[in-house]
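2 protein chains.
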Amino acid sequence: MDAGMDTRTDSPRRWLGAPLEQLPTPALILDQAKVRGNAERMRERCRALGLRLRPHVKTHKTLEGAALATGGTRRGIAVSTLAEGRFFAAGGFDDILFAFPAQEWHLPECAALARRLQAFQLLVDSPRGLELLRQNPLPGGKRWLVWLKLDCGNARAGIRPTDPEALELARAIARGCPEVVTLAGVYAHCGNTYGCGDIPAVQDVARDTTKAVLAFVTRLRQEGIPCPEATIGSTPSCSHPVPEMSQLTEVHPGNYLFYDLQQTQLGSCRPEEVAIRVLTRVVGHYPHRRQLLLDCGWAALSLHGRDRGPPGCAAIEGHPQLRLVGLTQEHGQVEAVDGELDFQRFPVGSTLALIPYHACATAAMHPVYFVHAGGKVVELWHPTRGW
Amino acid sequence: MDAGMDTRTDSPRRWLGAPLEQLPTPALILDQAKVRGNAERMRERCRALGLRLRPHVKTHKTLEGAALATGGTRRGIAVSTLAEGRFFAAGGFDDILFAFPAQEWHLPECAALARRLQAFQLLVDSPRGLELLRQNPLPGGKRWLVWLKLDCGNARAGIRPTDPEALELARAIARGCPEVVTLAGVYAHCGNTYGCGDIPAVQDVARDTTKAVLAFVTRLRQEGIPCPEATIGSTPSCSHPVPEMSQLTEVHPGNYLFYDLQQTQLGSCRPEEVAIRVLTRVVGHYPHRRQLLLDCGWAALSLHGRDRGPPGCAAIEGHPQLRLVGLTQEHGQVEAVDGELDFQRFPVGSTLALIPYHACATAAMHPVYFVHAGGKVVELWHPTRGW
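Chains A and B, in that order, give the protein sequences. If you're matching positions, the first sequence starts at 1 in the numbering used here and goes up one per residue. If you're matching positions, the second sequence starts at 388 in the numbering used here and goes up one per residue.
No wet-lab data here; the hints were simulated from the structure. Mixed in with the good hints, there may be bad ones.
A partial selection of chain A residues facing chain B, derived with a Cβ cut-off under 8 Å [said to hold, decoys possible]:
hint	residue
1	196
2	306
3	329
4	386
Computed footprint of chain A on chain B, listed as stretches where at least three residues anywhere in the stretch have a Cβ under 8 Å from a Cβ of chain A [said to hold, decoys possible]:
hint	segment
5	506–515
6	668–675
7	682–693
Have a look at the derived ranges for each label pair, beta carbon to beta carbon [said to hold, decoys possible]:
hint	chain 1	residue 1	chain 2	residue 2	range
8	B	437	A	338	47 to 53 Å
9	A	272	B	454	33 to 39 Å
10	A	119	B	462	50 to 56 Å
11	A	222	B	404	49 to 55 Å
12	A	290	B	730	49 to 55 Å
13	A	165	B	406	45 to 51 Å
Quick reminder that beta carbons are idealized off the backbone N, C-alpha and C, glycines included.
In isolation and in its complexed conformation, chain A is listed as follows (with noise of 0.2 Å):
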């Protein structure tokens, strides 16, 4: 025990410099050196097909890791809910799209937005949405921009593009209440991608969607109805584009600046691009049932992946005859897959890094990242949360 050690404190900024061994534990630890890599790659991915990027801030929702995926410009990101569009507009962003069908109840703020930003971008997906528009206009002579939400087999929110009303909204959208309202493209998300079991599987949903975005726009266009932007995506089918997508505007995947085990089993990243770990320790040994017990439950990794087979929540790297076979709030149990766990090896107290099957779920429990590099931590991230 440090007596010199400030324990008054619970600031994570104490452990700024510090090996990742002395870390507080659990601890979401991010690899520098492997975000940089993961928001670089998905650039020059996107720029050699010259397709923007506008990175989904849903996983992380730092500014940190923002401004990394939009390679400092902190311009065009898409989020998941309205805390992030605050969070994000107070922190410098712009081009900020609200990636959720907007409702009638989250106006007031998407009009704080709209106002404060020089572009704030809304989704809709029915006649209904588009009326709340026309009757709340923004004032200023300023416009809502609108992406109309296409389902292209994902089966969530969306207008099917096959669908005669989507031909319709779009008109409407576009040409409906020109003052108040412009339509600005057009924007799938290819969830669907996460049931695939191979990457040409990824990639015929992907190329699926963006044949079904391409000949909506297709259409818009014969009718003479302007639509600049279509944009689709998903980490699974933005990490291995098919040639089709350059001929869309932009992406938006998210996932990607982290990776995690679920991306590693569908081919979107090799193992070792997955940049996020929940680093635990051994807190005790149970021979008499052959088991390790960690100071890592549900509470630090989330239960996303228990019901997907083995391994389950979360990979223990480094060690693959190692399993993960219980969490419960602050506790995990360990076991050897053989059944013959070498406790000698893991001695209480020491530190094992495990890789979550779902890093949106993961990132979503914990405060703060520790970003490491060369074994120290250096740099800290602050997600926001809520709605």
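Once you've looked at the hints, dock chain B against the given chain A.
Leaving out everything else, chain B in the frame of chain A:
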């Protein structure tokens, strides 16, 4: 849109006094009368058994909830993390038991809490844990207050009371270094009640755990080892206590302040005693796939319960004909159980209340809890988080 509304702030204080239906969604809401009733019933149950109640605060992590649960004394709680320890100590609480086996890297903060509080209590379940404390005496004549953690069938942390080393460890805590360490009592968590199918099965586990704890205490007394306290916990066992539990000195349940769907299924509470809901709104109708979309995803609910059969992560209050079939980060998908969804009953913008499967997990997702009475927000509770 109310132009006079202050949309520049995200302070939840502006919602004090507001009708629930006006809250931004998703929102964690707590029924004040139900929370108070749950607190009072558990206190009454313990009074009737002559037991001290040491509420575990890990479910809610709020000063307000802990004040209620302690009947306003702010004395005698269990915490699951050092972050909770710091938070509750700073909030005026004392007699705090850190209910996680103490580790070397915990000691600086534990020492600070022990110096600050009249009673900061620790768990030890191994000779190594005791040795740590011996090597790190508290200054000023204070002693580490140690509870021996017993594993009476839960198979997580703890030493088995039937293990010959358990008696040796208790003896070493009580006598090995009396100027440094004091044996406060024995502590068991009967988390294995969560695997039970009904109240009699829960009571069997509670009875077995109580008997094992008491038999161990009897052996200690036979050897002249003072062990003043004995406690067991878990909301299922304490919601239907068995008479044998009156021979303990205290109990430490936590979830009961809110209860949830899982506790209802276990028989711990009646459905009308569950105090927690996630308020959400219908954000879209998708008749071609017979689905409603809600603005509540796993970010506001967690995925706990997904793999536990219907109704999964949450029930939809008052609408047993509906079920939640999908959760992504910010979206929930709802179908009719019989496939025939009456969309007119659930207009876009209407609110629904979700009864979460696991209150501890759902509460962990929210930065603020909106406490309501008479249909209006009357209090805001602010949880701590992290480690």
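(request) Hold the hint about residue 306 of chain A up to the distance rule: shortest CB distance to chain B must be less than 8 Å. (result) 6 Å, holds
(request) Can you let me know if the beta-carbon spacing of residue 119 of chain A and residue 462 of chain B is within 50 to 56 Å? (result) 55 Å, holds
(request) Determine whether the Cβ-Cβ distance between residue 222 of chain A and residue 404 of chain B falls within the hinted range of 49 to 55 Å. (result) Holds, at about 54 Å.
(request) Please count how many residues of the segment 682–693 of chain B have a CB within 8 Å of a CB from chain A and say whether that reaches 3. (result) The restraint on the segment 682–693 of chain B holds, since 8 of its residues have a Cβ under 8 Å from chain A and three suffice.
(message) So, as I understand it, the hint says residue 329 of chain A touches chain B; can you test that by seeing if any CB pair is closer than 8 Å?
(response) 6 Å, holds
(message) I want to verify a distance hint. Is the separation of the beta carbons of residue 437 of chain B and residue 338 of chain A within 47 to 53 Å?
(response) 50 Å, holds
(request) Can you take a look at whether the segment 506–515 of chain B is actually covered by chain A? Rule is 3+ residues, C-beta closer than 8 Å. (result) Answer holds; 3 residues pass the 8 Å Cβ test.
(message) Tell me if the beta carbons of residue 290 of chain A and residue 730 of chain B are separated by a distance inside 49 to 55 Å.
(response) 54 Å, holds
(message) Quick check on residue 196 of chain A please, does its C-beta sit within 8 Å of some C-beta on chain B?
(response) 16 Å, violated
(request) Tell me if chain A covers the segment 668–675 of chain B under the three-residue, 8 Å CB rule, please? (result) holds (count 6)
(request) Verify the interface restraint on residue 386 of chain A: the C-beta must sit less than 8 Å from at least one C-beta of chain B. (result) Result: holds, 4 Å to nearest chain B Cβ.
(request) Indicate whether the distance between the beta carbons of residue 272 of chain A and residue 454 of chain B respects the range 33 to 39 Å. (result) Distance hint for residue 272 of chain A, residue 454 of chain B is violated at roughly 49 Å.
When held up to the earlier numbered hints, the structure conflicts with 1, 9 and 13 and fits the remainder.
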